Amino acid sequence: DAGVTQSPTHLIKTRGQQVTLRCSPKSGHDTVSWYQQALGQGPQFIFQYYEEEERQRGNFPDRFSGHQFPNYSSELNVNALLLGDSALYLCASSLDRGLSQHFGDGTRLSIL
Amino acid sequence: DQQVKQNSPSLSVQEGRISILNCDYTNSMFDYFLWYKKYPAEGPTFLISISSIKDKNEDGRFTVFLNKSAKHLSLHIVPSQPGDSAVYFCAASAGGGGSNYKLTFGKGTLLTVNP
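Chains as they are written, first to last, in our numbering: chain A, 192 to 303; chain B, 93 to 207.
Note that these hints are calculated values from the structure, not bench results.
Nothing here was measured: the structure is a model prediction, and the numbers come from that model.
Treat the hints with care, as some may be off.
Stated by the list, open to error - Covered stretches of chain B (chain A as the covering partner; in silico rule of three or more C-beta atoms under 8 Å from a C-beta of chain A):
1. 112-121
2. 126-134
3. 137-145
To be verified - So the derived list for chain B, only partly shown, Cβ under 10 Å to chain A, looks like this:
4. Q98
5. P101
6. L103
7. V170
8. F181
9. C182
10. A183
11. Y193
12. K194
13. T196
Claimed, not checked - Pair ranges (Cβ atoms, derived):
14. A:L230 <-> B:I110: 27 to 35 Å
15. B:L103 <-> A:G194: 23 to 31 Å
16. A:N270 <-> B:Q95: 23 to 31 Å
17. A:T211 <-> B:S104: 38 to 46 Å
18. A:E244 <-> B:N206: 34 to 42 Å
19. A:T205 <-> B:P174: 39 to 47 Å
20. A:L230 <-> B:L103: 17 to 25 Å
21. A:H201 <-> B:L103: 25 to 33 Å
22. B:P174 <-> A:D253: 41 to 49 Å
23. B:Q95 <-> A:R254: 19 to 27 Å
24. A:K204 <-> B:H164: 37 to 45 Å
25. A:G275 <-> B:K160: 32 to 40 Å
26. A:T200 <-> B:P207: 44 to 52 Å
27. A:D253 <-> B:M121: 19 to 27 Å
Here a beta-carbon is modelled for each residue, glycine too, at the ideal position from N, C-alpha and C.
Pulled out of the complex, with its shape left as it was, chain A reads as follows:
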């Protein structure tokens, strides 16, 4: 039973560039959430997707956008990258009205 998978595992970009991160949810899950974890901090909620719609959004600028596909997989896009966007990006999946979110191992994004 495959868990949550994220790609790539590591990524290096420069300021001003754009990046796309990908997530496949755990088998049977239909809801995907994205989190940003800066060094020394807890994960911060970016947004959640359900039925291909953004259902809830955290306090992140419009440079952060996402998408969910019919097979429930999801992408996180970040435009005009800033040095402060360097972080671990975590994807979590769950069943709508489920009791816990299952996390992937994350994508480590470094901005030079």
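Starting from the known structure of chain A, arrange chain B on it as the hints suggest.
Just chain B now, with coordinates in the frame of chain A:
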């Protein structure tokens, strides 16, 4: 404004003893609380949760206690094992008690269990 606070960045205990990790919250709308464990280079792994209608939930060596009046919860690990060494995150959600809502995390506590 941190709505979930873990005031101890680190905790060190001896193998076999009890580990107690603490968490405080400020948002009265939180009605569901979770603990996650995170090893380096891995994503957080769900440990145990508790609904605000309960004050205790137990799962094997792990017990979570909730004190709503104090807006405080704690995770007890008994007995502690070296494999428990990891960062522990407290998280909370509001509005329905399920994971279909965002989780608000604390900054985490690094637990080290010494053999």
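Looking at the structure, which of the earlier hints fail to hold?
The structure breaks hints 1, 6, 7, 18, 26; every other hint is satisfied.
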